[in-house]
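Here is what each chain is made of, one letter per residue.
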Amino acid sequence: MSDINFAFLDEYAKREIRRSIIKAICIPGYQVPYSSREMPMGRGFGTGGLQLTLALIGIDDTLKVIDQGSDDSVNAVNLRKFIEMTCPGINTTTCLQEATLIQSRHRIPERPLRADQILVLQVPYPDALVIVEPSEDKRKIMHGEADYSRLLVKLYEDIVKFDEITISHRYPTRINGHYIIDPSPIPRYDVPRLNNSEALILFGAGREKKIYAVPPHCPAEPLAFDDVPFRIEDFTDSNGERRACRLCGSKTSFLDEFIDEHGVRIYQCSDSDYCEQQQELAHE
Amino acid sequence: MNKILEVKGLSQVYGPGCTLCFTSTGPEFETNICPHCGSIVALHDLSFDLYKGEILGIMGESGSGKSTAVKCLYFDQMPYSGSAIFYDESEQQPLFKLNPAQRRSLRNHRFGMVYQNPNLGLNFDISAGGNIAERLLMSQVMNYREIRERARELLARTEVLTERMDELPKNFSGGMQQRVQIAKALATQPPLLFLDEVTTGLDLSVQAKILDLILEIQAELDTAMIVVTHDLGVIRLLAGRTLVMKYGRVIESGLTDQILEDPQHAYTQQLVASAL
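The listed protein sequences correspond, in order, to chains A and B.
Be aware that the first sequence starts at 1, since it is given in our numbering, and climbs by one per residue.
Be aware that the second sequence starts at 285, since it is given in our numbering, and climbs by one per residue.
Heads up, some of the hints might be wrong.
[Claimed, not checked] Result set (BS3-like, lysine-lysine): computed pairs, CA atoms no more than 25 Å apart in a straight line:
id : chain 1 : residue 1 : chain 2 : residue 2
1  : B       : Lys-454   : A       : Lys-154
2  : B       : Lys-287   : B       : Lys-336
3  : B       : Lys-454   : A       : Lys-161
4  : A       : Lys-23    : A       : Lys-138
5  : A       : Lys-209   : A       : Lys-140
6  : A       : Lys-138   : B       : Lys-381
7  : B       : Lys-381   : B       : Lys-336
8  : B       : Lys-381   : A       : Lys-140
9  : A       : Lys-154   : A       : Lys-138
10 : A       : Lys-140   : A       : Lys-154
11 : A       : Lys-209   : A       : Lys-138
12 : A       : Lys-209   : A       : Lys-81
[What the hints assert, rightly or not] Examples of chain B residues lying across from chain A (beta carbon under 8 Å, computed):
id : residue
13 : Pro-384
14 : Ala-385
15 : Ile-410
16 : Ser-411
17 : Gly-413
18 : Gly-414
19 : Ala-417
20 : Glu-418
21 : Leu-421
22 : Met-422
23 : Met-426
24 : Asn-427
25 : Arg-429
26 : Ile-431
27 : Asp-450
[As the list claims (entries may be wrong)] Some chain B residues flagged as far from chain A (calculated, every beta-carbon gap over 12 Å):
id : residue
28 : Gly-301
29 : Glu-312
30 : Ile-324
31 : Asn-455
32 : Phe-456
33 : Gln-491
34 : Leu-495
35 : Ile-535
36 : Asp-541
These are computed hints drawn from the structure, not numbers from a lab.
A virtual CB, placed ideally from N, CA and C, is assigned to each residue, including glycine.
One chain only, chain A, in its complex shape (with noise of 0.2 Å):
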């Protein structure tokens, strides 16, 4: 192992992830493209995320890595594996208050970032655009001049087909007033959180060769209509309740649903980490 660079990337390629990171800071919302090195796994299992962390992370690092709220996915397990062996001396956790580091697929942990701690998220489709222009060529330009009615007209047609937005993820968000982002596959209930958050988020896609970020205290705005405003998912009942967690009996955070053995529809919180921690506080 000893003839592999610290984090895997040789210097050049951590250097240009990290002006290509400063670049996403300073203009926030805007895709910065990058080289995209090639990583001993296939593009779309998060090598984009992957790149960023290696650039990022030093050996006094405290590492998380999450797959859609677990620690103990496939990917999740597979990511921290690989930084780990290439990282020698990084320490990582699974508890979200003592990370600094957190790379994370299609979810923001529960509870809320810290102004130490860095988000990084796996993208697989950078461009909020992609769904209405396919030239990417045109749609750097609509970005420029944040010419984004084609993207209103979507969910304008959304309501007058089913009445409500029906964007469950993806959900297309204005950063600081100008550019769209894709905020990556997390759900609606993580949305409102990229706005003015404590801690820096960043997006890494690396098959599509994009770096963009939100900066801490950045206003984040989801796409919506005056009198159609954006709302989280509902986790309502047939009797009006709040569903709860099983597991911690959480009442406010992102659930999961399964169906148990004999067939019943069960929730459980997505996020395992602050799960575990609700139920050991609810032991003491």
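Guided by the hints, dock chain B onto chain A, whose structure is given.
Quick look at chain B alone, frame taken from chain A:
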């Protein structure tokens, strides 16, 4: 009278262009292809003024440069040379000196365009109402109910059944598509409207209704319009003043009645004489 548009020396050349292009093409040479460099001189030295509420007709056969003129003014393409000033309320906008964002803003808010082919003006993948909503959303109308209401009003105004506003325009007849296009163009109440062969390909009764609609709109909103057509009937009905074009040049201009009753240029005489 308030001037709304002033066009001076507008020219368009497709191809490399050379110094001899303009002096070796035109009606007297019976061609618009430059014999020296092979470029096509689609338009040369078009100048006119347009006043508020006026309808200017541009008439000519296919390839005479009439659509090119309108496409340049609507920024579908940039001209080879020439200038145009748009008098927007108190401001003067030099059209070909604006940056892309300013051009887009003028296109979206102050100009309207109705193409011969509804394919170009409408997005067939979104509903008729959505097409109108797009223009309203461009001008920062962000209230869903208001957008619905305005779209419904516009479609009713252009005599499209409002029950069909949530249908895709590809399910509509040609005449209906053209009406939706007009409704879309009118969404922001633009002071200047370009109509490029709007009635071509429609049957006569539908043509008559669309022309009536255009006249009503002009009377109601005092919209200035540039009507491009090869149809003498359309010119006679709509235009107060007319330019006759051939091989990219204006060969005759004046009041429509005068041109149709007493054409001076041989080509215009032939055109008027050959009208059915």
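How the hints compare with the structure:
{"no.": "1", "hint": "B:Lys-454 - A:Lys-154", "in the structure": "holds, 18 Å"}
{"no.": "2", "hint": "B:Lys-287 - B:Lys-336", "in the structure": "holds, 6 Å"}
{"no.": "3", "hint": "B:Lys-454 - A:Lys-161", "in the structure": "holds, 17 Å"}
{"no.": "4", "hint": "A:Lys-23 - A:Lys-138", "in the structure": "holds, 22 Å"}
{"no.": "5", "hint": "A:Lys-209 - A:Lys-140", "in the structure": "holds, 14 Å"}
{"no.": "6", "hint": "A:Lys-138 - B:Lys-381", "in the structure": "holds, 21 Å"}
{"no.": "7", "hint": "B:Lys-381 - B:Lys-336", "in the structure": "holds, 23 Å"}
{"no.": "8", "hint": "B:Lys-381 - A:Lys-140", "in the structure": "holds, 22 Å"}
{"no.": "9", "hint": "A:Lys-154 - A:Lys-138", "in the structure": "holds, 18 Å"}
{"no.": "10", "hint": "A:Lys-140 - A:Lys-154", "in the structure": "holds, 19 Å"}
{"no.": "11", "hint": "A:Lys-209 - A:Lys-138", "in the structure": "holds, 18 Å"}
{"no.": "12", "hint": "A:Lys-209 - A:Lys-81", "in the structure": "holds, 24 Å"}
{"no.": "13", "hint": "Pro-384", "in the structure": "holds, 7 Å"}
{"no.": "14", "hint": "Ala-385", "in the structure": "holds, 5 Å"}
{"no.": "15", "hint": "Ile-410", "in the structure": "holds, 6 Å"}
{"no.": "16", "hint": "Ser-411", "in the structure": "holds, 6 Å"}
{"no.": "17", "hint": "Gly-413", "in the structure": "holds, 7 Å"}
{"no.": "18", "hint": "Gly-414", "in the structure": "holds, 5 Å"}
{"no.": "19", "hint": "Ala-417", "in the structure": "holds, 5 Å"}
{"no.": "20", "hint": "Glu-418", "in the structure": "holds, 5 Å"}
{"no.": "21", "hint": "Leu-421", "in the structure": "holds, 4 Å"}
{"no.": "22", "hint": "Met-422", "in the structure": "holds, 4 Å"}
{"no.": "23", "hint": "Met-426", "in the structure": "holds, 5 Å"}
{"no.": "24", "hint": "Asn-427", "in the structure": "holds, 4 Å"}
{"no.": "25", "hint": "Arg-429", "in the structure": "holds, 5 Å"}
{"no.": "26", "hint": "Ile-431", "in the structure": "holds, 7 Å"}
{"no.": "27", "hint": "Asp-450", "in the structure": "holds, 5 Å"}
{"no.": "28", "hint": "Gly-301", "in the structure": "holds, 25 Å"}
{"no.": "29", "hint": "Glu-312", "in the structure": "holds, 42 Å"}
{"no.": "30", "hint": "Ile-324", "in the structure": "holds, 26 Å"}
{"no.": "31", "hint": "Asn-455", "in the structure": "holds, 15 Å"}
{"no.": "32", "hint": "Phe-456", "in the structure": "holds, 17 Å"}
{"no.": "33", "hint": "Gln-491", "in the structure": "holds, 30 Å"}
{"no.": "34", "hint": "Leu-495", "in the structure": "holds, 30 Å"}
{"no.": "35", "hint": "Ile-535", "in the structure": "holds, 39 Å"}
{"no.": "36", "hint": "Asp-541", "in the structure": "holds, 42 Å"}
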